[in-house]
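Protein chains in written order, with numbering that gives the first Met the number 0: chain A, 0 to 216; chain B, 0 to 352.
Just so you know, the hints here were simulated from the structure itself, not pulled from any lab data.
Backbone N, C-alpha and C define an ideal beta-carbon position, used for all residues, glycine too.
Hints are not guaranteed to be accurate.
Unchecked claim - What follows is a set of in silico ranges between Cβ atoms, one per label pair, in the way DEER data are often shown: (1) R32/A <-> R70/B: 29 to 37 Å; (2) E154/B <-> Q33/A: 40 to 48 Å; (3) R32/A <-> E54/B: 18 to 26 Å; (4) T128/B <-> E191/A: 58 to 66 Å; (5) L87/A <-> E54/B: 15 to 23 Å.
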Amino acid sequence: MLLLALDTSTPAVTVALHDGDRVVAESTTIAPRQHTERLMPQVTDALAAVGADRTAITEIAVGVGPGPFTGLRVGIAAGRTLGAALDLPVRGVCSLDVIAYAVVSGPAAPGPFLVATDARRREVYWAAYDESGRRTAGPAVDRAAAVRAQRGALPAAGAGAGLYADEFGTVLAPEHPSAAALARAVVDEAVEISAPDPLYLRRPDATPPAGRKSVLA
Amino acid sequence: MTPPLILGIETSCDETGVGLVRGTTLLANAVASSVDEHVRFGGVVPEVASRAHLEAIVPTMHRALDEAGCRLADVDAVAVTAGPGLAGALMVGVSAAKALAVALDRPLYGVNHLVGHVAAEQLENGPLTEPVVALLVSGGHTEILQVDDIATAAELLGQTIDDAAGEAFDKVARLIGLKYPGGPHIQRAAAEGDPAAIRFPRGLTAPRDMTRHRYDFSFSGLKTAVARWVETAEAAGKPVPVADVAAGFQEAVADVLTKKAVLACQERGVSTMVLAGGVAANARLRELTEQRCAAAGITLRQPRFSLCTDNGAMIAALGAAVVERGLPPSPLDFATDSSLPVTEVLVGAGQFS
Ligand SMILES: [Zn+2]
Numbered sequence: 000m001l002l003l004a005l006d007t008s009t010p011a012v013t014v015a016l017h018d019g020d021r022v023v024a025e026s027t028t029i030a031p032r033q034h035t036e037r038l039m040p041q042v043t044d045a046l047a048a049v050g051a052d053r054t055a056i057t058e059i060a061v062g063v064g065p066g067p068f069t070g071l072r073v074g075i076a077a078g079r080t081l082g083a084a085l086d087l088p089v090r091g092v093c094s095l096d097v098i099a100y101a102v103v104s105g106p107a108a109p110g111p112f113l114v115a116t117d118a119r120r121r122e123v124y125w126a127a128y129d130e131s132g133r134r135t136a137g138p139a140v141d142r143a144a145a146v147r148a149q150r151g152a153l154p155a156a157g158a159g160a161g162l163y164a165d166e167f168g169t170v171l172a173p174e175h176p177s178a179a180a181l182a183r184a185v186v187d188e189a190v191e192i193s194a195p196d197p198l199y200l201r202r203p204d205a206t207p208p209a210g211r212k213s214v215l216a
Numbered sequence: 000m001t002p003p004l005i006l007g008i009e010t011s012c013d014e015t016g017v018g019l020v021r022g023t024t025l026l027a028n029a030v031a032s033s034v035d036e037h038v039r040f041g042g043v044v045p046e047v048a049s050r051a052h053l054e055a056i057v058p059t060m061h062r063a064l065d066e067a068g069c070r071l072a073d074v075d076a077v078a079v080t081a082g083p084g085l086a087g088a089l090m091v092g093v094s095a096a097k098a099l100a101v102a103l104d105r106p107l108y109g110v111n112h113l114v115g116h117v118a119a120e121q122l123e124n125g126p127l128t129e130p131v132v133a134l135l136v137s138g139g140h141t142e143i144l145q146v147d148d149i150a151t152a153a154e155l156l157g158q159t160i161d162d163a164a165g166e167a168f169d170k171v172a173r174l175i176g177l178k179y180p181g182g183p184h185i186q187r188a189a190a191e192g193d194p195a196a197i198r199f200p201r202g203l204t205a206p207r208d209m210t211r212h213r214y215d216f217s218f219s220g221l222k223t224a225v226a227r228w229v230e231t232a233e234a235a236g237k238p239v240p241v242a243d244v245a246a247g248f249q250e251a252v253a254d255v256l257t258k259k260a261v262l263a264c265q266e267r268g269v270s271t272m273v274l275a276g277g278v279a280a281n282a283r284l285r286e287l288t289e290q291r292c293a294a295a296g297i298t299l300r301q302p303r304f305s306l307c308t309d310n311g312a313m314i315a316a317l318g319a320a321v322v323e324r325g326l327p328p329s330p331l332d333f334a335t336d337s338s339l340p341v342t343e344v345l346v347g348a349g350q351f352s
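Using the sequences and the hints given, assemble the complete structure.
Structure representation (C-alpha cells):
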C-alpha cells in the first residue's frame, strides 16, 4: 500500500507517504498563505523521493481542520480531486487529532491535555484529549481565556498554546500537525476517520445589507 | 488530426465552471452557481463563494465529462483561471487543477480570466481574426481590452475606476426596491419605462475625463445620482416611477459602455468587437452595441449567454489556444493572482523562452 497524507490547516504545508510499515517520505514547509503554491510540488517531490509514480498511491488522507479557511480548502480540494481522478478513497481526519496523536506518541505522555491552534481574531481552535489521545471535547473555537475557564490550565500542544501561553499549562510540542503523524495515525487506526469535509466551525463573515443610507446631506 | 482535449476550470467569482474543448469546438460546459446563496447579502460574499466552489468542483467536473461523453483519461491538458478574481475562490480551482494535472500526468496551464472571456467567442463563431477589441461587462469586472493574439498578446485599454457595471445594476436595483441580481430585474422594469424620461449622468465622459480616462468607466456617480433622484422624489411625497428610473439608468450604462468601446475600435483601427461578460445578457446593451457597431462598420461578435457568463469552457478555449501555439505549461508552483494583469495571458509564459 501507499498512503498519501496531506494537511494545510495551519501555516505548515505538509505531505507524507506511508507504505503500511512506515513513513517513507515526508515534506513540510512553513509557508503562510502559500498553500496553493507549495502543496502539489511537495506531493510530486515526495513521490519522486521514493521512486513512485502517482498511480502507486492506494489511498489518501487529508486533514480537515479546523483551520483558517483559505489554506484549509487547498488541501481538501487537492485531496478530493486526487481521489476522484485516481479513483481512490479519501479519508478526513481532524487536524487537532493529528497533533494529539503526535503528543501521545512522544516520549513523555502528559496525562489529559489540550490541543489549541491559531484561529486568528484572538481565538483558538481547540479540543481536549485524555492521556491516551482520545478526544473528549471539541473541536471548538473560543478565546483561550474561555477555554481555560472551562477546562482549567491543562498542558497544551499547538501554535495556539504558545500564542496564549498564560492561559494554558505547560506548552507541548508539536506546534503544527505533520502529515507523517497523520499517516501513522491513519495506518495505526488511532484516529476517528470522517468524510474529507472541512471543519469550519464558524459561519462565513457576512451580514445582509442594512437599510439605505441617505445620500442627501 | 483531432486537436487535444482540454479541460478548463473556472472559480474566480461565484460560478464553479468546468468545460471541455477541442480546438475551437465546445464539448461540454458544466456550471454550478452559488448565486442563490448570495441573494440575501445583496452581492457576492467571497467566503460563501469559496465554500460553494469546494463542494461543487468535483461534481461539476464529473458532469462535464458526462456531457462530453469523455473519461478523465482522455484529457490531454488542464487549464485553470489563475486570476484575476477573488483570492480564496481562485485557490480552490487552482488547487483542484494542480491535483488533477498531477493525477493525470498532464500539463497544466494557468490562464487569464479576462482573456478567457474573449476566447469563449471562438467556441461560438470559430477562430477570431485578431486584432479585436473586447468589451467585458460583468458583476465583477468592466473592461475594454485589445487582443492582438489570443494566446500571447492582450492589452488593457480601460476599466472601471470604481464599481463594476454589474455591481451598479445590483446597487440601483436595491435603491428602487428590486431584487438581486439587479441585471435581469432592472431590464424587466426598464421594458415598461421611458429611457429618456430621466437623464442620468454618463461617468468619465466630460472633455477633461476623456483625456485622462479615455476608455475608463465610473459608475459610482451614476449610482449616487439615482439615489439622489429617488430620495428627492420620496421627500416630496411623490411616487417613484420605478420603470422610468430603471430605463434611464440602464440607458446611461449602455450608452457609456458602447460609446467608449466603439471609440476604442475606431481609434485603434480595429474592425472587430467582442462583447462578453454576464451583463452582455442585457438586451438594451446588446441592441445599442449592435446599432453602433453597424453604424461604425465594426463586426460585432458575441457568444451565447452561457458562454458570456463565467464558465469553464472559456478557460478550456484559451487553454486550447495556448496549447496549439506550443507554449510551455505553467510551473506546478504558480500562484493565484487576484489582480493578474491582462498582459499575462498565460502564467509563467516566457519563463522558459
Ligand atoms: Zn468574468
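Status of each hint after checking the structure:
1. R32/A <-> R70/B: 29 to 37 Å: The hint (29 to 37 Å, Cβ to Cβ) holds, given that R32/A and R70/B are roughly 36 Å apart.
2. E154/B <-> Q33/A: 40 to 48 Å: This hint is violated: roughly 30 Å between Cβ atoms.
3. R32/A <-> E54/B: 18 to 26 Å: Cβ of R32/A to Cβ of E54/B: about 23 Å, so the range 18 to 26 Å holds.
4. T128/B <-> E191/A: 58 to 66 Å: At roughly 60 Å between Cβ atoms, E191/A and T128/B fall inside 58 to 66 Å, so the hint holds.
5. L87/A <-> E54/B: 15 to 23 Å: holds, 20 Å
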